[in-house]
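As a plain string of letters, each chain reads:
4 protein chains.
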Amino acid sequence: MKIKASIAGATGYSGIELIRILSAHPNVELALLTSESYAGLTVKKALPFFNSDKILVPFEPGKAAAASDVVFLCLPHTKSMSAAAKILKTGKKVIDLSADFRLKDKKVYEHWYSAKHTQPALLRKCVYGLPEINRNAIKGSSFVANPGCYPTGIILGAFPAVKAKLVDASLITVNSISGVSGAGRKAKVELQFSEIDENLKAYKLASHQHTPEIEMGIIMGSGNPGVKVSFNPHLAPVNRGILSTISFILKKKLNTAEAVSIYKAAFSGEKFVRVLPEGQLPETRYVTGSNYCDIGLKADNSTGRLLVVSAIDNLVKGASGQAVQNMNLMFGFEEQAALENIGLMA
Amino acid sequence: MKIKASIAGATGYSGIELIRILSAHPNVELALLTSESYAGLTVKKALPFFNSDKILVPFEPGKAAAASDVVFLCLPHTKSMSAAAKILKTGKKVIDLSADFRLKDKKVYEHWYSAKHTQPALLRKCVYGLPEINRNAIKGSSFVANPGCYPTGIILGAFPAVKAKLVDASLITVNSISGVSGAGRKAKVELQFSEIDENLKAYKLASHQHTPEIEMGIIMGSGNPGVKVSFNPHLAPVNRGILSTISFILKKKLNTAEAVSIYKAAFSGEKFVRVLPEGQLPETRYVTGSNYCDIGLKADNSTGRLLVVSAIDNLVKGASGQAVQNMNLMFGFEEQAALENIGLMA
Amino acid sequence: MKIKASIAGATGYSGIELIRILSAHPNVELALLTSESYAGLTVKKALPFFNSDKILVPFEPGKAAAASDVVFLCLPHTKSMSAAAKILKTGKKVIDLSADFRLKDKKVYEHWYSAKHTQPALLRKCVYGLPEINRNAIKGSSFVANPGCYPTGIILGAFPAVKAKLVDASLITVNSISGVSGAGRKAKVELQFSEIDENLKAYKLASHQHTPEIEMGIIMGSGNPGVKVSFNPHLAPVNRGILSTISFILKKKLNTAEAVSIYKAAFSGEKFVRVLPEGQLPETRYVTGSNYCDIGLKADNSTGRLLVVSAIDNLVKGASGQAVQNMNLMFGFEEQAALENIGLMA
Amino acid sequence: MKIKASIAGATGYSGIELIRILSAHPNVELALLTSESYAGLTVKKALPFFNSDKILVPFEPGKAAAASDVVFLCLPHTKSMSAAAKILKTGKKVIDLSADFRLKDKKVYEHWYSAKHTQPALLRKCVYGLPEINRNAIKGSSFVANPGCYPTGIILGAFPAVKAKLVDASLITVNSISGVSGAGRKAKVELQFSEIDENLKAYKLASHQHTPEIEMGIIMGSGNPGVKVSFNPHLAPVNRGILSTISFILKKKLNTAEAVSIYKAAFSGEKFVRVLPEGQLPETRYVTGSNYCDIGLKADNSTGRLLVVSAIDNLVKGASGQAVQNMNLMFGFEEQAALENIGLMA
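Protein sequence lines, in the order shown, are assigned to chains A, B, C and D. Under our numbering, the first residue of the first sequence is numbered 1, with each subsequent residue one higher. Under our numbering, the first residue of the second sequence is numbered 1, with each subsequent residue one higher. Under our numbering, the first residue of the third sequence is numbered 1, with each subsequent residue one higher. Under our numbering, the first residue of the fourth sequence is numbered 1, with each subsequent residue one higher.
Don't read these hints as lab results, they were simulated from the structure. Hints may contain errors.
It does not matter which identical chain is meant; a pair holds if it fits inside one copy or across any two.
Once the Cα atoms are required to be at most 25 Å apart in a straight line, the calculated SDA-like pairs of lysine to any residue come out as [as the list claims (entries may be wrong)]:
| no. | residue 1 | residue 2 |
| --- | --- | --- |
| 1 | Lys139 | Asp168 |
| 2 | Lys264 | Thr78 |
| 3 | Lys89 | Gly332 |
| 4 | Lys271 | Ala39 |
| 5 | Lys251 | Gly304 |
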């Protein structure tokens with residue numbers, strides 16, 4: 001039996017990636033693919049990589065709900081609020097890839113996203129969709145907030161050290177480097193090739209809107225409410241990939257082998273987290289196109305630090321792959337269905 | 001039932017890509033993976049994208065034959081000759097990704113590759129593995145020479161116009177732009193990132209060793225022995241992809257719609273060739289990671305030219321994907337088995 | 001003594017490059033720098049690479065003329081027409097980097113640029129600014145149309161072979177690969193990093209608006225009115241650089257050494273054209289940041305072709321460097337003033 | 001009057017960059033250019049960007065000294081030791097771009113570079129060539145150790161905050177992202193284009209050999225001996241540029257404007273350090289090809305951090321530009337001679 005899945009916002013980067021993954025899913029049939037910019041065109045005209053004659057249509061929540069068992073919302077922030085509400089009323093499931101329902105506190109959302117939240121009642125209903133720390137809640141749910149790209153890699157890299165009380169939870173420093181597809185598919189001079197190619201920059205230092213989500217996730221995963229993160233995002237000229245280097249202050253001496261073994265235990269049984277052996281560090285090319293989060297560790301007693309590096313493909317584990325992982329859990333499919341492919345190494 | 005497939009040269013780019021494709025093949029079990037540089041290491045240590053504990057071993061033709069139903073040879077040119085001979089003697093099948101057995105004439109090989117051919121008797125036995133022009137011969141074969149990356153895209157783009165007698169076969173001009181993975185995985189200064197990044201160059205003008213294979217393939221596909229190609233290869237800073245622009249001199253006026261319709265007919269029923277509608281041209285990003293060859297056409301009566309552009313992923317349709325397509329034909333599997341995935345658009 | 005130079009459109013890529021070059025010119029003082037998008041900001045705020053407190057102002061032709069001895073127009077096509085007319089009336093000099101005054105025939109312009117030409121009288125007055133074929137006319141002029149990027153490299157690469165009657169002028173095939181800065185600084189999805197990175201494409205086959213300018217220039221340089229060019233432009237993921245591969249059909253046998261010697265003679269005394277010795281082909285990295293046009297040759301008697309490859313930096317010899325070379329000629333400065341720097345090789 | 005300067009190791013990336021800068025220096029004449037790999041070739045054959053017929057010769061310290069007033073050593077680590085000793089004995093000046101003489105303590109050198117130091121007596125004689133913190137010593141010197149690329153950007157970004165006692169000197173976290181030219185021009189698989197393109201990685205966490213030099217420089221600049229740095233280097237697919245994000249723990253509340261003003265005062269009168277106004281962060285593209293170090297600041301009282309970002313071109317301020325700045329100081333030339341050019345913004 002196949003369920004019907006629709007994608008609202010199918011011609012943005014996470015929508016495109018959902019098409020790629022779902023088109024190979026044994027339990028899914030693609031229903032509506034919506035796009036405002038390309039409405040009326042066939043998929044193969046708008047997105048020539050995918051050989052489909054389906055017609056792209058404008059998004060209408062009611063029609064999407066009627067046509068589907070689940071609707072993936074790949075909409076700009078604030079646009080998911082009323083759409084999710086309308087679809088959920090019909091009893092259909094929603095997986096929201098925007099940030100609109102990730103934070104539980106309306107005020108925190110409104111502060112960091114500079115926007116009014118119009119569906120505060122739904123905030124509580126929505127389940128945070130990071131399976132490695134919240135699998136059981138996702139399984140029973142009909143409404144999942146899919147995590148942000150930075151939070152996914154950082155939370156997975158950080159929570160085990162905090163949970164194991166190895167480090168000072170109040171003094172976490174995270175430096176991430178992201179590929180450009182994370183910024184979305186938008187006509188902006190600052191996203192032009194010639195502005196980004198051969199360039200490295202930091203941006204939104206101490207002010208990136210993912211910061212409260214990162215802290216929330218590490219708290220969820222570790223049970224320690226005293227988590228405080230200083231988050232420094234950077235942009236580099238790659239399409240895909242987020243590499244996060246997390247610098248912890250050790251509470252007491254630790255060697256790398258011990259750290260690796262604690263992390264291996266924390267992710268025991270997890271299909272999509274690979275803890276690397278001592279001496280090996282992750283690289284984004286090894287997760288390109290796959291749903292893996294790779295984690296490498298280095299304890300340095302001379303500076304009293306534990307360094308954790310995590311790598312994900314921001315469009316897969318950081319967005320659409322994780323959304324499918326959540327769908328698999330919500331519908332009782334194999335968790336790794338359509339996600340077992342390995343990526344492109346070069 | 002599953003066959004056992006071994007890869008000789010598993011840690012070069014076409015070997016790595018074979019691992020990616022074969023690991024998802026429903027009818028194949030990976031047997032030996034060989035590597036001289038990484039022998040003794042696990043696959044996941046040498047190639048961390050692939051989560052396998054298999055140990056890489058040095059290549060020995062006899063052992064590979066004994067362990068396998070088919071051996072893929074991803075070896076440097078000249079190294080396949082004796083290896084293929086040894087494996088074929090045991091009755092096992094060989095798919096050779098090198099150039100050693102593509103050309104039928106020993107002298108032509110020796111001229112263009114500056115090397116002696118030690119197995120001339122096998123040249124005649126070996127089948128040229130471009131399914132779209134040679135499918136029946138491949139089906140019965142136990143020894144296939146997998147086409148070169150440039151030839152694949154150029155032959156598919158060129159032969160229908162020649163076959164339909166639209167153009168002067170003796171005055172074909174081909175300009176190709178290739179990604180860098182086509183040069184192989186080698187420690188050379190000229191392949192260093194900083195020598196290639198932000199650089200465009202032509203190379204081996206009128207002297208590229210793929211030239212006779214290109215002509216041979218167009219002759220095979222068209223039946224016209226009078227094919228003469230002037231081939232100009234270029235290198236650009238991308239990992240994957242070959243874009244070939246073929247410039248023909250029209251014998252008489254033609255419009256683009258007619259050209260498109262002739263090409264659509266020529267590839268009717270082909271799963272891996274997509275002839276684009278008038279007004280649309282291929283881009284390599286639409287075939288990245290997939291086995292497609294996309295073809296776009298433009299007739300220009302003001303200059304009397306027919307322009308054909310083809311795009312492939314040099315590591316998939318240009319190497320390992322096509323090798324698996326050949327394997328599927330040789331063993332009677334579905335031709336598109338393990339090759340139906342769509343690629344990464346960004 | 002220093003002249004005053006203004007740049008209309010100083011925050012586009014050719015305007016930025018003019019700032020870079022002119023700021024080091026011994027005979028030039030920068031006067032007005034205009035920008036619509038960044039008007040009111042200091043240069044160092046809008047363009048942090050250049051440490052100047054000058055305020056960017058909106059473009060008004062009268063004010064620019066009043067403040068300057070020469071105005072460089074780096075405006076979108078069609079915007080230069082009336083601006084040039086107004087400035088020329090005041091007796092000040094104009095160097096127009098747009099295409100508006102390059103073609104002598106109003107109808108040809110209107111056909112290829114799909115726009116009405118409102119200053120046809122000025123077309124005749126304007127001098128085509130390719131010094132290597134038109135130096136004397138530039139010297140006496142107050143109004144120069146700076147050549148397009150593609151035409152510069154192609155004309156220099158092509159005219160000597162036509163002039164020396166080595167090749168069939170009516171059957172010239174040109175394949176060019178361009179960097180992305182040539183498309184200008186514009187907020188367009190198709191120019192986004194993730195659409196261009198790791199992608200190769202052909203575009204505007206047989207329909208690029210530079211085609212008539214290319215033919216005009218080869219005719220000017222060679223004296224042969226029978227020039228016909230089939231022009232195939234391509235885009236690759238580099239910021240700067242155009243590599244053009246010109247394929248000629250030889251009239252009679254020729255060897256590469258002879259071709260090199262004919263080209264060396266044709267460019268004897270030229271400071272900015274380097275004809276490479278036999279066996280060497282140009283690469284764009286060797287001209288990045290410099291005003292050089294490098295030319296390499298290969299005669300191939302087996303296919304009856306002469307292959308010429310030219311490389312320029314599209315923003316220097318293909319735009320702003322050449323504009324300064326023209327200014328130097330118009331004002332009687334050393335032709336190579338401010339242009340003697342060598343570029344960045346990596 | 002012109003001095004004669006030789007470059008030992010002229011065909012590596014810092015040697016090539018020295019050629020670029022010195023060829024435009026009003027007080028310098030290039031004497032010997034040495035290269036082992038390209039010995040016997042003309043410069044224009046080996047390095048076609050530079051139009052010189054000079055012949056590259058193998059390096060012999062005695063000959064280089066005899067031909068020069070100053071010799072720049074662009075040699076692999078450990079190779080400078082005896083060469084410097086020999087040249088200095090002749091009374092000629094040496095600027096060493098390797099790490100061999102940067103650290104004052106033989107044991108520290110031997111620990112971090114895993115090599116024996118054969119010239120310990122010269123360690124004390126050699127002056128650390130970071131002009132912004134050591135200008136007076138450089139002025140009188142005949143032997144300068146040119147700083148490493150990472151240390152240059154990090155020391156300049158870090159010492160003012162430590163000197164002004166704003167931050168905890170013992171708990172400094174530095175995350176840097178480097179372009180690939182910093183790894184040198186070497187035939188290694190790991191430096192191949194296809195291994196680096198579209199990839200992000202951390203490397204040598206808590207073990208990079210520049211760590212003691214970074215601490216030494218911050219101590220020199222701040223006068224605070226209690227400096228301890230946790231240094232995390234990363235590699236991204238760009239040719240040039242190092243972006244360093246320094247995370248300090250604030251001793252007491254501070255706002256960004258105050259931090260900016262303290263940094264502006266610290267670099268008052270410096271030609272090559274640009275402290276950006278509040279709200280602006282550096283990007284490597286704004287320093288590409290120039291000798292600037294750009295510094296941006298952000299104080300974040302919610303996490304108690306001061307964040308400092310510095311950007312340099314690793315081949316200019318991080319290597320060859322700084323070497324020329326040192327030469328200018330050693331010979332009494334204008335400090336900014338040949339270094340006033342602005343870079344390429346795109």
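Results of checking the hints against the structure:
no.	hint	in the structure
1	Lys139 x Asp168	neither (32 Å within a copy, 46 Å between copies)
2	Lys264 x Thr78	neither (38 Å within a copy, 41 Å between copies)
3	Lys89 x Gly332	within (22 Å within a copy, 51 Å between copies)
4	Lys271 x Ala39	neither (37 Å within a copy, 27 Å between copies)
5	Lys251 x Gly304	both (8 Å within a copy, 19 Å between copies)
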